[in-house]
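Each chain, letter by letter, is given below.
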Amino acid sequence: MPTSPLALIGIAATAWLAIGAAGLIRPRSLRAVRTLFPLGAVVAVAIAVIACVALALPPESTVLSLGLPDLPFHLRVDPLSAFFLVLLGSASAAISLFSAGYFRSGSGTAPGLICFQYHAFVAAMALVLIADDAYVFMVAWETMALASYFLVTTDHRIPQIRRAGFLYLLIAHVGAIAILLCFGVLQGGHGDYTFAAMRAIALPGWWGSAAFFLALMGFGAKAGLLPLHIWLPEAHPAAPSPVSALMSGVMLKTAIYGLLRVTFDLLGAQLWWWGAIALALGLLSALFGVIFAAAQTDMKRLLAYSSIENIGILVAALGLAILFKTNAKPLLAAIALAALLYHALNHAMFKSLLFLATGSVLHATKERSLGKLGGLIHRMPWVAWLALAGTLASAGLPPLNGFVSEWLLLQAFLFTPTLPQSFINMLVPLAAAALVLAVALAGYVMVKFYGVIFLGRPREPSLAYAHDAGRFERAGLVALAAACVLLGIFPATVLGAIDHVTAQLVGSAASGGDTSWLLLAPLGAERSSYSPLIVLGAIVGAVLITIQLVHRMWHGRVRRAPAWDCGFPLQTPRMQDTAEGFGQPIRQVFEPFFRIERHLPSPFDAKPRYSMNASDHWWQWLYLPIARAAEAVARLFGLIQRGRISVYLTYSFVTLLALLLFVL
Amino acid sequence: MTLTGLLFQMLQIVVALALAPLLIGWVNQCRAWLSNRSAPPLTLPYRTIRKLFTKDAVVADNASPIFRITPYIVFGAMCCAAAIVPSLATALPFARAADAIALVGLFALARVFIALAAMDIGTSFGSLGARREMFIGFLAEPALLMVLFTASLISGSTSLATIVDAFAHRELGIYPSLAFAGVAFTMVSLAENARIPIDNPATHLELTMIHEAMVLEYSARHLALLEWASWLKLFNYSCIGLALFVPFGIASGDDWTALATAALALVAKLAVGGALLALIETLSAKLRIFRAPEFLGTAFMLAVLAMLVNLLLGS
Chain A
4 MPTSPLALIG IAATAWLAIG AAGLIRPRSL RAVRTLFPLG AVVAVAIAVI ACVALALPPE
64 STVLSLGLPD LPFHLRVDPL SAFFLVLLGS ASAAISLFSA GYFRSGSGTA PGLICFQYHA
124 FVAAMALVLI ADDAYVFMVA WETMALASYF LVTTDHRIPQ IRRAGFLYLL IAHVGAIAIL
184 LCFGVLQGGH GDYTFAAMRA IALPGWWGSA AFFLALMGFG AKAGLLPLHI WLPEAHPAAP
244 SPVSALMSGV MLKTAIYGLL RVTFDLLGAQ LWWWGAIALA LGLLSALFGV IFAAAQTDMK
304 RLLAYSSIEN IGILVAALGL AILFKTNAKP LLAAIALAAL LYHALNHAMF KSLLFLATGS
364 VLHATKERSL GKLGGLIHRM PWVAWLALAG TLASAGLPPL NGFVSEWLLL QAFLFTPTLP
424 QSFINMLVPL AAAALVLAVA LAGYVMVKFY GVIFLGRPRE PSLAYAHDAG RFERAGLVAL
484 AAACVLLGIF PATVLGAIDH VTAQLVGSAA SGGDTSWLLL APLGAERSSY SPLIVLGAIV
544 GAVLITIQLV HRMWHGRVRR APAWDCGFPL QTPRMQDTAE GFGQPIRQVF EPFFRIERHL
604 PSPFDAKPRY SMNASDHWWQ WLYLPIARAA EAVARLFGLI QRGRISVYLT YSFVTLLALL
664 LFVL
Chain B
192 MTLTGLLFQM LQIVVALALA PLLIGWVNQC RAWLSNRSAP PLTLPYRTIR KLFTKDAVVA
252 DNASPIFRIT PYIVFGAMCC AAAIVPSLAT ALPFARAADA IALVGLFALA RVFIALAAMD
312 IGTSFGSLGA RREMFIGFLA EPALLMVLFT ASLISGSTSL ATIVDAFAHR ELGIYPSLAF
372 AGVAFTMVSL AENARIPIDN PATHLELTMI HEAMVLEYSA RHLALLEWAS WLKLFNYSCI
432 GLALFVPFGI ASGDDWTALA TAALALVAKL AVGGALLALI ETLSAKLRIF RAPEFLGTAF
492 MLAVLAMLVN LLLGS
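So the sequences go chain by chain: A and B.
Going by our numbering, the letters in the first sequence line up with residues 4 to 667, in that order.
Going by our numbering, the letters in the second sequence line up with residues 192 to 506, in that order.
Some chain A residues near chain B, calculated using beta-carbon distances under 10 Å:
1) 400
2) 442
3) 521
4) 533
5) 567
6) 569
Stretch-level coverage of chain B by chain A, calculated; a stretch enters the list once three of its residues show a Cβ under 8 Å from a Cβ in chain A:
7) 308 to 318
8) 322 to 332
To be clear, the hints were calculated from the coordinates, so they are not data collected in a lab.
Model, not experiment: these values are computed from the prediction.
No residue lacks a Cβ here, since even glycine has one placed at the ideal position from N, Cα and C.
Generate coordinates for the entire structure from the input sequences, incorporating the hints supplied.
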């Protein structure tokens, strides 16, 4: 019986693969899937527990003689990979539970096949996290991309979904090429592709910068960083909800893991201006994502854009950490890094929760458009109340988890004026302002999301037949909501675990100062402190005392009556604010961000129609020109393809002649 | 944590709860005087609350529990905020639990709940009010945080109690960054508390309402709590302003005579502040809703300027 964490994680990942393979035995049987997914959840919990233990242990590596003859698999577990394994295990446990109740047999991929793809996907992610050489990393990375591609195109009979899947695969491969080149630069001409060798090489500045920017591009494409974000809002709505949850909650984090691994571990974060660029790019993505999220009318697209925002915040935190590390401020670098890791964990929990909730809504109503939902809190109380936790967490409100990472990041920002680069010092207030604006807008987006789906009156009569989530679905949602609350009220405990990672990457712990289990004060209580448990207790206490006092001193009588119609009796549910209406102020204020096409009816139209389409500038600026150029080049090559064998033989002949001339 | 500290803490919450209606009564009185109307009595807000508490609550047929719990959550959040803001003393045990950033978070929590409750009934005015409130909120919140950041850059702390202690004991001098921050803070406070020029607290025209549109469906005790909470919010904002810009007189130790002085100073400062608020409101006209971004954008830029000035001049 092996007891080392690495061996156990390897076994667990293999168990995932075995569970997936078992799904292939009877691909059409729903009963088999209903038992296999909970088994997968058990394995996920095991991985989370083992990784929790491995966080505090020294790094452990091993070599497996798999793969090509000269290229054995190098595997390694260190605190950084252990942390992301915890994230993978805990989020995918809940998602697997939910999936057990979610997948049905329909026109798309058979449930058993989905089960295989799903487990191959999570196992590949685990392998990405424990890979210790470029070869294993790329194999796992590509397996992950392919498995998720097949999962995205589950409903492959619908052309839009095939198109979204293709776009995803395309961007994933652009990213993969960049990562491959990045590893090529990192090995520094020695031909040794193990991470240990890359760590030992000190690359000269320009090569280091090349590696950093290739990594930023490659992993940024996977994470949805501007301008490689366009696949996210297409692929997330196309995929089944648990897959969206897994992709948004976990897979995007593997890209962040890769970025951390390359920047801090392999390159050792050498130049401060890398941090400045990452900071700027991150904040731009965050603002862009949240502004677009506010304008969306499809609930899953809205969440996809919100993921772009959160990835932006993560990359901004990465930039800040690089800035601090290169300026020899390990404590501040540790706080920025802790904010990053904490936010990654938080985002995995609340975004998975929200995506799964949209899955339940989708099942109950067959409707993804916000304009046709409403009032579901009465029909689906479980989903609605659990989604409320995710909504508040996502809006960054105390005492839930989203606020803790935001608080940590703002503390790191407040310390930036101690940097020697005065240029950066001047820009940091603007950066902090942009971050705060993005977070405040996230509140707007989340009120829109929750209010339009769950509150108000049903906008369609068919919503009256919506049913609440089943047992498995509820279990998954409950687990994630509980995680949001617990991560929110015990930040010091979580930071204690994160300390191992920050100690590895920047050589300092983030939970110093006066931090205790109750109080979060990484820089000393005089400087700043936050205790979510006390805040929660105070709010709950105040609410209970007020209720008691009001009811004791006066009364608690309630009369039910129709809503007041303002003297206008013909009120229908369609007169409620729609998703478009709710997003309209944002569209107006941030108009330059959108590419808006309006069609206004003329006064003489018999059937006046108003249509408005707010789309992404990046399509016009970057993607369509590239697509056109690629097409033009292809057409040029098309000129020499005549489709006649004699022509091709002539080509071969001419080539041979040319080669002969060259040799002679 | 001492017993006196705990007593101070309780006392400060009670004072906030008691003074908040008085402050709004005073502002209304000043406004009436300034516009040549006969003024309502100072105690009108207390009587309004008492009247509302005795009535039966009428709740719309399709209201969810969120609608009924919101007044309590908003009121509770405002009470917590009143406990954090050092209005009387700085040696508060609860102040450690939440700094300025968490305070802004608490205000945001209250705002999100009140907006959700407004959307809950599904009337057009409710969701209109919710949308506008969130709109104002996302513009005002960054500006408020920037003001607080400026103060915390000067004092080296985000804890409001430490900021006040640092500000109250420095030598008198000109702090240009605080001047910018002060103007920005005033603008944000006007917007956040639904005052003219962003919102009109006395309006009866539904189309221009923000706060009133959101609480349109509330009655009796729920309305009483929401109104009281909004008055508490004004009181809290006033006290944040006083703590940042005129921190003199706030008790720093656990000394009862200092506390009594602090209470007197607070009443005097609020009286002046309330009169100034009434003056601003009388002199300005309500802006169209789409002029609000300009107004709050100015506040935001001023706050960022304050931060830059502080970095450049170091004061």
